[in-house]
Amino acid sequence: MIRFDGVTKQFPDGTTAVDDLSLTAPTGKITVLVGPSGCGKTTSLRMVNRMIEPTRGGISLDGQDTGRMDAAELRRGIGYVIQHAGLFPHRTVLDNIGTVPRLLGWDKKKVKDRSRELLEVVGLDPKLGNRYPTQLSGGQQQRVGVARALAADPPVMLMDEPFSAVDPIVRDQLQDEFLRLQDELGKTIVFVTHDIDEAIKLGDQVAVLRVGGTLAQVAEPQYLLAHPADDFVADFVGKDRGYRALQFEHAPRLTLHSEPSVVVGETPSSRASWLLVVDDDRTPLGWVEPARVGDRPVASEDLHRGGTVARASGSLRGALDAALSSPARRGVLVDNDGVLVGTVRAHEVLTAIEETERPERDEDDPVHGGAMDVSGERG
Amino acid sequence: MIPSILEWFRDPMTWSGPGGVPTRLLEHLWYTVVTVVIAAAIAVPLGLWVGHTGRARWLVSVANSLRAVPTLGLLFAVSLVVGPYIPGDLAFTAPSIAVLVLLAIPPILAGTYAGIDAVDPSARDAAKGVGMRGRQVLWQVELPNALPLLLSGVKSAMLQVVATATIAAYLGLGGLGRYLIDGLAVSDIGEAAGGALLVGLLAIVLEGVLSLLQRRVVSPGLTGRTARGSQDGDDAPQAEAPADAPVDVRG
Amino acid sequence: MDWFLANWPRVIDLAGSHLYLSGVPLVVGLVLSVPLGWAAVRWRASYPAIITSSGLLYTIPSLALFIVMPLILGTRILDPFNVLAAMTVYTLALLVRTVADGLSAVPDHVEQAATAMGYGGLRRLFGVQLPLAVPVIASGLRVASVSNVSIVSVASLIGVSQLGDLLIDGYQRVIYGELLTGILACVVLALALDRLIVLGARLLTPWQTAGGGAA
Ligand SMILES: Nc1ncnc2c1ncn2[C@@H]1O[C@H](COP(=O)(O)OP(=O)(O)O)[C@@H](O)[C@H]1O
Ligand SMILES: [Mg+2]
Chain A
861 MIRFDGVTKQ
871 FPDGTTAVDD
881 LSLTAPTGKI
891 TVLVGPSGCG
901 KTTSLRMVNR
911 MIEPTRGGIS
921 LDGQDTGRMD
931 AAELRRGIGY
941 VIQHAGLFPH
951 RTVLDNIGTV
961 PRLLGWDKKK
971 VKDRSRELLE
981 VVGLDPKLGN
991 RYPTQLSGGQ
1001 QQRVGVARAL
1011 AADPPVMLMD
1021 EPFSAVDPIV
1031 RDQLQDEFLR
1041 LQDELGKTIV
1051 FVTHDIDEAI
1061 KLGDQVAVLR
1071 VGGTLAQVAE
1081 PQYLLAHPAD
1091 DFVADFVGKD
1101 RGYRALQFEH
1111 APRLTLHSEP
1121 SVVVGETPSS
1131 RASWLLVVDD
1141 DRTPLGWVEP
1151 ARVGDRPVAS
1161 EDLHRGGTVA
1171 RASGSLRGAL
1181 DAALSSPARR
1191 GVLVDNDGVL
1201 VGTVRAHEVL
1211 TAIEETERPE
1221 RDEDDPVHGG
1231 AMDVSGERG
Chain B
54 MIPSILEWFR
64 DPMTWSGPGG
74 VPTRLLEHLW
84 YTVVTVVIAA
94 AIAVPLGLWV
104 GHTGRARWLV
114 SVANSLRAVP
124 TLGLLFAVSL
134 VVGPYIPGDL
144 AFTAPSIAVL
154 VLLAIPPILA
164 GTYAGIDAVD
174 PSARDAAKGV
184 GMRGRQVLWQ
194 VELPNALPLL
204 LSGVKSAMLQ
214 VVATATIAAY
224 LGLGGLGRYL
234 IDGLAVSDIG
244 EAAGGALLVG
254 LLAIVLEGVL
264 SLLQRRVVSP
274 GLTGRTARGS
284 QDGDDAPQAE
294 APADAPVDVR
304 G
Chain C
6 MDWFLANWPR
16 VIDLAGSHLY
26 LSGVPLVVGL
36 VLSVPLGWAA
46 VRWRASYPAI
56 ITSSGLLYTI
66 PSLALFIVMP
76 LILGTRILDP
86 FNVLAAMTVY
96 TLALLVRTVA
106 DGLSAVPDHV
116 EQAATAMGYG
126 GLRRLFGVQL
136 PLAVPVIASG
146 LRVASVSNVS
156 IVSVASLIGV
166 SQLGDLLIDG
176 YQRVIYGELL
186 TGILACVVLA
196 LALDRLIVLG
206 ARLLTPWQTA
216 GGGAA
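Residue numbers (our numbering), protein chains in the order written: chain A, 861 to 1239; chain B, 54 to 304; chain C, 6 to 220.
In short, the hints are calculated from the structure, not lab data. Worth double-checking, as some hints may not be accurate.
Lysine-lysine pairs mimicking DSS-like chemistry, simulated, CA-CA at most 25 Å apart [unchecked claim]:
1) 181(B) to 972(A)
2) 181(B) to 1047(A)
3) 1099(A) to 1061(A)
4) 968(A) to 181(B)
5) 987(A) to 969(A)
6) 969(A) to 1099(A)
7) 968(A) to 987(A)
8) 987(A) to 970(A)
9) 889(A) to 1047(A)
10) 970(A) to 1047(A)
11) 1047(A) to 1061(A)
12) 181(B) to 970(A)
Quick look at which bits of chain B chain A covers, simulated, 3 or more residues with Cβ under 8 Å [unchecked claim]:
13) 175 to 181
14) 190 to 198
Below, a sample of chain B positions facing chain A; criterion: calculated Cβ distance under 8 Å [said to hold, decoys possible]:
15) 184
16) 185
17) 186
18) 270
19) 272
20) 273
21) 274
The beta-carbon is built from N, C-alpha and C at its ideal position, and this holds for glycine as well.
Produce the complete structure using the sequences and hints provided.
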């Protein structure tokens, strides 16, 4: 658990980057700091590992005041992923990853094995290990940055816009992998981003900062979307926050309809206007209009691929999108293995949405009201 | 002119004895190595310190302004002023070596400082961020990253010393410069030009040796010499940074 | 000081030759280095060859080059032209790399904008690339000028007269005043040339804020 207690940072030139910040990042969870550029996110993050010393207030790590620890020792125990990766240009990828273990005095063989292992953990080809940073793409560099931070298996990770330098598709992929990794590792993470979508996707808890370094609101993402503390937060989380909140509502409450289907390569027997096509494993491939196909077998070219497929165990947002995007107006749902389980109509999803409960608003503390519970005490 | 050079090269006297080419060549090499080593022992730690702490940057400017002083004048002045106080043969060599060291310091100092100064701030930041202490940052990150410019400085210094040692023969210093000065003195063009060719050759060979050394000790990650392998996945590779900017000084 | 007051006409005379021997090669070297540097940038394949050979020329010690010059040019050994040629070689060797670096440092978007507006080959070089490369080229020129003034004094050893004569004469006859005058005159000349280049660069690049000029 990382706890900011009335932390203020004023730079010598008079800029107040962080102003009286109180915040708790719970153990094993991802806390995201989000806000416009220059609002003090990086400064807040760097005060945790004392790359910057607070002017007032204190930060504690599992109850221990970081101000009293040896700064270098503290940093070796905290994984730090730097904006734009910050790799050492003179070291190979493997040597970059092994930096902290080597500082901690591990023996050479152990360092090498661990670095190789991490290359795999972050999804990089082992043969990239002997390359130098300049020979990597931006996305690959970011992965190496994450691997370097993970190398000594620190319980706490600080990540400064680790996915900002890559294009949207790679970013999405990196985010998914990051969440999968966190499921396994359960680190206490403070994650900085200026992208509210990323914050909501990744955060167990999201802290919105405003320029001047004050905390506008800290809450679990669905609470943040439902009850922005003020106009600034409402504006920042965006116009489609109502739709976005659906991603936190689970679909299982939907009743599904069984859907007639045809295996690709077979002749459709139904005369319905749209028929779902699946493969031999019953994974949905797309829709066909039997009237157009006639009496020949369904070929790949006949498929209409416009519809999205949602997981039955996923969110209402996914189910609604599946229904809205389907040419047959029936949203296709699958199980975790991608096998067809049934379809649902848009109005049924909407009914389910109307039955969901919005997180209750805490009238007493609009700023910290929706924050995560930390051992019974509100952070 | 060419026949007289060939004649000088063919003369067996040219190759033997205390005034023979092997002896003179070794002398010249010896002066060069000794001076550059002494100068580096002074300038590298100083440059590292100035670069790492950011203190006393004026030292670099002062050293640089030494470039405006003509080497010939510096040689003569030092040997005139200091020479009489030094007994025996050393009276000729010691002042010359001192001037050579003095001339070799600015390029090494400037190169070392510029090298440290040019280290990517994010790499330095990362070094602190992973928990390196001051010295570890210097040795493990700043120095290796400064090597290309540092060694360019050493290279400039070495060329400077080879050239100035040649001129210092006028003051009685040994080495290949003897052939040039003595040849000029007795209007033996063959000897002077033959010696000149040897000095030029020596400088080029030394330059080559140091360039090879540079290739060996500088991380391939800094030079852009690394093979650009296939890019599997993700986006385009980052642009490479130029590693070997020039630090030019000579006299 | 006394020595200078007694001999100033000779000092001025020698300073004139010194300026001639170090300044003319500076101009000639600059003029020659532009096409070479441009070629190195224009045809990337030629870059290593051009840069390496100019670096190699710079490696040759001055006294050696002075003495070998007649061999290459077919001149007499005492001919001042040897010194002019040798100094031009050094200037060229230093500037080719600077010009190439300066030209390739012009931001890509500027160059593309110029091309898009219809600037072609040579007009783009003189209209856009060269002016923007002026600060870099000027800094190279400053290094070359200081180094030239120092090297030219060595020419006294081969009997070509300039301020170096004062150094040798002062040393041989142990006249401290003469030696010191020679050194100071060289320093003053070097600084004056340096200022001149800084000033010239500033006049050529009015868009650079005053004081923020050359490095
Ligand atoms: N070393 C510094 N000196 C002075 N001001 C700084 C320094 N570092 C950051 N700032 C200022 O503090 C504010 C917050 O910066 P930062 O934490 O980097 O913002 P963010 O990461 O949210 O974009 C900005 O106004 C920035 O200009
Ligand atoms: Mg930031």
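Consistency of the hints with the structure:
no.	hint	in the structure
1	181(B) to 972(A)	22 Å, holds
2	181(B) to 1047(A)	22 Å, holds
3	1099(A) to 1061(A)	17 Å, holds
4	968(A) to 181(B)	22 Å, holds
5	987(A) to 969(A)	18 Å, holds
6	969(A) to 1099(A)	53 Å, violated
7	968(A) to 987(A)	19 Å, holds
8	987(A) to 970(A)	19 Å, holds
9	889(A) to 1047(A)	7 Å, holds
10	970(A) to 1047(A)	22 Å, holds
11	1047(A) to 1061(A)	17 Å, holds
12	181(B) to 970(A)	23 Å, holds
13	175 to 181	holds (count 6)
14	190 to 198	holds (count 3)
15	184	4 Å, holds
16	185	7 Å, holds
17	186	5 Å, holds
18	270	11 Å, violated
19	272	4 Å, holds
20	273	6 Å, holds
21	274	3 Å, holds
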